[in-house]
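In the working numbering, each residue carries its 1-based index in the sequence shown increased by 499.
Think of the hints as simulated: they come from the structure by calculation, not from any bench.
A few of these clues could be false.
Stated by the list, open to error - Straight line, CA to CA, 27 Å or less: simulated DSSO-like cross-link-like pairs of lysine-lysine:
{"no.": "1", "residue 1": "LYS634", "residue 2": "LYS660"}
{"no.": "2", "residue 1": "LYS634", "residue 2": "LYS527"}
{"no.": "3", "residue 1": "LYS600", "residue 2": "LYS715"}
Unchecked claim - The following label-pair restraints were derived from C-beta to C-beta distances:
{"no.": "4", "residue 1": "ASN551", "residue 2": "THR506", "range": "25 to 31 Å"}
{"no.": "5", "residue 1": "GLU544", "residue 2": "ARG670", "range": "32 to 38 Å"}
{"no.": "6", "residue 1": "GLU544", "residue 2": "SER571", "range": "25 to 31 Å"}
{"no.": "7", "residue 1": "ASN737", "residue 2": "PRO689", "range": "37 to 43 Å"}
{"no.": "8", "residue 1": "VAL511", "residue 2": "LEU671", "range": "27 to 33 Å"}
{"no.": "9", "residue 1": "GLU512", "residue 2": "VAL736", "range": "31 to 37 Å"}
{"no.": "10", "residue 1": "GLY561", "residue 2": "TYR726", "range": "26 to 32 Å"}
{"no.": "11", "residue 1": "LEU668", "residue 2": "GLU544", "range": "20 to 26 Å"}
Ideal Cβ positions, reconstructed from N, Cα and C, are used throughout, including at glycine.
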Amino acid sequence: MGQTTQTPVLIVEDRGPIRIVLLNRPDKLNALDTELTQALHDALEAADRDANVRAIVLTGGGRAFCAGADLSEFKHLTPANQDLVEQRADLTCRTQAMMQKLSKPIVSAVRGAAVGGGAGLAIGCDMMVAGTDLKFGYPELRHSIVPALVMTGLQRSLGRKAAFEMITLGRLIGAEEALTLGLANRVVEPDQVVEAAVAIAEQWASANPRAMAAVKSLYYQVADLPYDEAMAAGRDVNARMRAFSDDKA
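All chains, please: the whole structure from these sequences, using the hints.
Here you go:
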């Protein structure tokens, strides 16, 4: 009998200094099971460690970016398997939180559905390119699920009242509304989302990598600090950046 080759749940491609990370469960609309979530976490960590990578594009294969958590796994995630429940929650938490912690900038290229955990991944990136066919939202409450691990990112991206409406009413929004709300940076045709995201990543890749890493780190640091502390953090980076011009790009 011949060997069967299992299709990888995640595909990584390099275009020069740009790393494209593609969720590859198109038959499940790239729903996040444990295997895919772990693969994504590991791929982003690997990209951040790779000195040849200067920017990252996150996208999904097929007609959707990501339909959120794979609900078929929930039958195993019960109080009877509490260790498994906690391990999965921890993995999801670390994966959802890590985009802003990467030293490399990352842009999501999003077409079709980006809901629940998929919505969290899309706006967790530093920028987001949306296809005109975008369906974005948080329908978890309709399934008696709390959107616990995507709530923080949404509130910080959108603001309290609009975020509360989105997570409690479960309405899906399109690309133009996402752009108006500041969740998306660009709207393009669905078949152009990756190329538009790569174009952004190429601009990032042309910058001094130490300066880009410092910009990203400081940007998220000052967002969570009182004004005077944020200015002090900026002062410290300002003093250090004099050495960046001596780096080889």
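Now the hints, each set against the structure:
Taking the CA atoms of LYS634 and LYS660, the gap is about 20 Å. The hint holds against a cut of 27 Å. Between the alpha carbons of LYS634 and LYS527 the distance comes to roughly 16 Å, so the proposed pair stays at or under 27 Å and holds. Under the criterion of a C-alpha separation no larger than 27 Å, the hint pairing LYS600 with LYS715 is consistent with the structure, at around 9 Å. Between ASN551 and THR506, the C-beta spacing of about 26 Å keeps the proposed range 25 to 31 Å intact.
The hinted window of 32 to 38 Å between GLU544 and ARG670 holds, with their beta carbons roughly 34 Å apart. Range check, GLU544 to SER571: about 26 Å between beta-carbon atoms, so the 25 to 31 Å window is met. Under the hint 37 to 43 Å, the C-beta atoms of ASN737 and PRO689, about 42 Å apart, fit the expected range. Taking 27 to 33 Å as the suggested C-beta distance range, the pair VAL511 and LEU671 conforms, at roughly 30 Å.
A hinted range of 31 to 37 Å holds for the C-beta pair GLU512 and VAL736, which are about 33 Å apart. Taken as a hint, the range 26 to 32 Å is violated for the pair GLY561 and TYR726, whose Cβ atoms sit roughly 45 Å apart. As the Cβ distance of LEU668 to GLU544 is approximately 35 Å, the hint placing it in 20 to 26 Å is violated.
The structure is inconsistent with the numbered hints 10, 11, although it conforms to all the rest.
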